[in-house]
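A.B. asks: Sequence:
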Amino acid sequence: MFLNPLGFEEKEQTEMDSTTSSSTTRYSDSPTTDYGPYLFYTLDYSFTLNAIDDLFFERQDFVSAIMVLYIFIFLIGMMGNIAVIHIMSMKKRKRRLADIFITHLAIADLVFLITLPLWTIALGQSDGWPFGNFMCKLTSYITSVNMFSSIFFLTCMSAERYKVIVLTKNSKVTRTKKYTQIITLAVWLLSALLGVHVFVYRRVIECQGRRCCSDEHSASRTVFRLVTRVIAFFLPLLIITVCYCSIALKLNKHFTRMNKDEKRKKRSVMTGLCIVALFVTAWLPFNILTLIQTLNESNYFHLEARSKIILGYSESFATCLAFSNSCVNPFICLIFDKFFQKALRKMFACHITHMLMARRISLSSSVSNSERDSVVSREMSALGQWSFSK
Numbered sequence: 100m101f102l103n104p105l106g107f108e109e110k111e112q113t114e115m116d117s118t119t120s121s122s123t124t125r126y127s128d129s130p131t132t133d134y135g136p137y138l139f140y141t142l143d144y145s146f147t148l149n150a151i152d153d154l155f156f157e158r159q160d161f162v163s164a165i166m167v168l169y170i171f172i173f174l175i176g177m178m179g180n181i182a183v184i185h186i187m188s189m190k191k192r193k194r195r196l197a198d199i200f201i202t203h204l205a206i207a208d209l210v211f212l213i214t215l216p217l218w219t220i221a222l223g224q225s226d227g228w229p230f231g232n233f234m235c236k237l238t239s240y241i242t243s244v245n246m247f248s249s250i251f252f253l254t255c256m257s258a259e260r261y262k263v264i265v266l267t268k269n270s271k272v273t274r275t276k277k278y279t280q281i282i283t284l285a286v287w288l289l290s291a292l293l294g295v296h297v298f299v300y301r302r303v304i305e306c307q308g309r310r311c312c313s314d315e316h317s318a319s320r321t322v323f324r325l326v327t328r329v330i331a332f333f334l335p336l337l338i339i340t341v342c343y344c345s346i347a348l349k350l351n352k353h354f355t356r357m358n359k360d361e362k363r364k365k366r367s368v369m370t371g372l373c374i375v376a377l378f379v380t381a382w383l384p385f386n387i388l389t390l391i392q393t394l395n396e397s398n399y400f401h402l403e404a405r406s407k408i409i410l411g412y413s414e415s416f417a418t419c420l421a422f423s424n425s426c427v428n429p430f431i432c433l434i435f436d437k438f439f440q441k442a443l444r445k446m447f448a449c450h451i452t453h454m455l456m457a458r459r460i461s462l463s464s465s466v467s468n469s470e471r472d473s474v475v476s477r478e479m480s481a482l483g484q485w486s487f488s489k
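Okay, so the sequence shown: first residue is 100 according to the numbering used here, each after it adds one.
To be clear, the hints were calculated from the coordinates, so they are not data collected in a lab.
This structure is a prediction, so every number in the text was calculated from the model and none was measured.
One or more hints might be untrue.
[Unchecked claim] Result set (BS3-like, lysine-lysine): computed pairs, CA atoms no more than 27 Å apart in a straight line:
#	residue 1	residue 2
1	K352	K277
2	K276	K365
3	K437	K365
4	K365	K441
5	K365	K352
6	K441	K190
7	K441	K352
8	K437	K349
9	K352	K437
10	K441	K276
11	K437	K262
12	K262	K352
13	K277	K262
14	K276	K437
15	K276	K262
Model the full assembly from the supplied sequences, consistent with the hints where possible.
C.D. replies: Spelled out as structure tokens, the structure:
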């Protein structure tokens with residue numbers, strides 16, 4: 100993929116120079132722009148700080164807000180996805196194919212989240228990307244594979260639900276371990292191959308006096324980007340839309356006379372549908388804006404300098420939105436998956452039990468044994484009622 104931590108792109112130096120001269124003419128009474136540590140390193144023009152402030156707000160506030168958001172995504176995403184992987188690994192007897200896909204989605208998100216602190220640190224550096232050329236390529240590659248594998252696993256989940264509910268085929272072939280391994284391996288291999296172009300075009304380059312982790316522009320890179328957009332996002336999105344529309348029509352037709360098994364299928368469909376909806380909400384703006392950026396670079400149309408600033412900020416917001424998708428799936432599982440709910444309650448109950456036992460040991464010796472046992476017993480009783488109430 101192409102991802103910068105904030106989604107911006109560079110242009111050739113000649114275009115930067117020409118745009119700089121025109122912007123300086125318009126804002127000749129303003130001081131020279133200092134775009135700061137990492138936020139504007141990929142902008143393909145140089146504007147005055149006043150010009151940018153007219154459109155939005157102080158750059159440093161913008162950088163700080165994004166850094167805080169990245170930290171929040173990292174913390175919530177790590178805890179949530181580790182919980183999903185652990186709980187789904189406990190679900191051995193009645194594990195559905197959708198559960199396996201959700202587990203692999205969590206793995207993809209977890210691997211990506213490991214790279215997020217690097218992007219966050221780079222945002223705060225005055226001289227740009229500090230981790231070298233290899234880490235520039237590797238972190239961008241992981242981000243690419245995360246997006247590709249996520250959309251492919253969601254497509255597989257949608258197709259599997261379509262086959263079971265609409266075509267009413269529940270073949271045991273799709274439940275075998277070998278079949279599942281082939282599907283998941285194929286998704287990971289395809290995602291890994293589609294991301295290889297990052298190692299070709301991505302590198303640390305100088306831009307505006309800072310080190311930038313970004314793509315080198317070329318005609319082949321533009322073509323590859325457009326092709327991957329179609330193969331790895333818009334085409335799978337079309338398949339997912341068709342599958343879930345067909346599923347919705349089928350369920351709506353039999354809504355009034357659903358048996359227990361059909362209601363369970365509906366709940367499974369709702370889980371998958373919410374995960375898909377949030378993924379599309381998170382990644383669609385980024386992919387559309389990147390497509391616009393690519394077409395603009397290829398001279399299919401020309402954006403004015405002010406429009407480029409707006410596009411740059413829009414891409415930064417869209418990138419944050421895309422990254423946030425890595426921490427939302429655990430909440431969907433918590434809402435719709437009853438097994439996940441019960442397992443999570445038991446995990447918390449076990450953790451709190453250990454805390455209570457530690458508290459019992461550490462209680463002051465001035466408290467009598469009977470009083471201490473009474474307090475702990477009441478707390479344990481309340482904990483038991485909470486953890487097994489549903």
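A.B. asks: Could you run down the list of hints and mark each one as holding or not?
C.D. replies: Each hint, compared with the structure:
no. : hint         : verdict
1   : K352 to K277 : violated (35 Å)
2   : K276 to K365 : holds (24 Å)
3   : K437 to K365 : holds (13 Å)
4   : K365 to K441 : holds (19 Å)
5   : K365 to K352 : holds (13 Å)
6   : K441 to K190 : holds (12 Å)
7   : K441 to K352 : violated (31 Å)
8   : K437 to K349 : holds (24 Å)
9   : K352 to K437 : holds (25 Å)
10  : K441 to K276 : holds (26 Å)
11  : K437 to K262 : holds (23 Å)
12  : K262 to K352 : holds (17 Å)
13  : K277 to K262 : holds (19 Å)
14  : K276 to K437 : holds (24 Å)
15  : K276 to K262 : holds (18 Å)
Violated hints for the displayed structure, listed by number in ascending order: 1 and 7.
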